[in-house]
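> Counting along the sequence shown from 1, when you hit position 9 you're at 9 in this note's numbering, and nothing is skipped either side.
Simulated from the structure, these hints should not be mistaken for lab results.
In the BS3-like style, the derived pairs of lysine-lysine whose C-alpha atoms are separated by at most 27 Å in a straight line are:
1) 105 / 78
2) 105 / 87
3) 105 / 14
Note that this is a predicted model, so its numbers are computed, not measured.
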Amino acid sequence: MGGRDGNQDIERGKTLVIVNQATSATDSQGMVTTFFELNGQPRRIKGAPMPGVISRVFVSPGQAVNAGDVLVSIEAMKMETALRAEKDSPISEVLVRAGGQIGAKELLLVYGA
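Using the sequences and the accompanying hints, generate a full structural model.
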């Protein structure tokens, strides 16, 4: 959908209604945070800054994190990058696991409300 509002059919009779609210500027790690509503519920997500392998997941759903806490680490080209929380927030969903291959901008986790 490329940052636009819209509806996404996921299967017969099931449609997601997506409303893009805002997208942050790229931070020093190459990360962009997207704020959007999915079926009327505000969502905040964390995407991968680069392709690589998830070397470790430090959080789980329901866990509260503080700004600066390490969420996951990604290994790419024999270097490890720690992705940190931008603010205090609960974690709603973790969509990756250690050892999993990821692509650039792939969704890693969802912050809670």
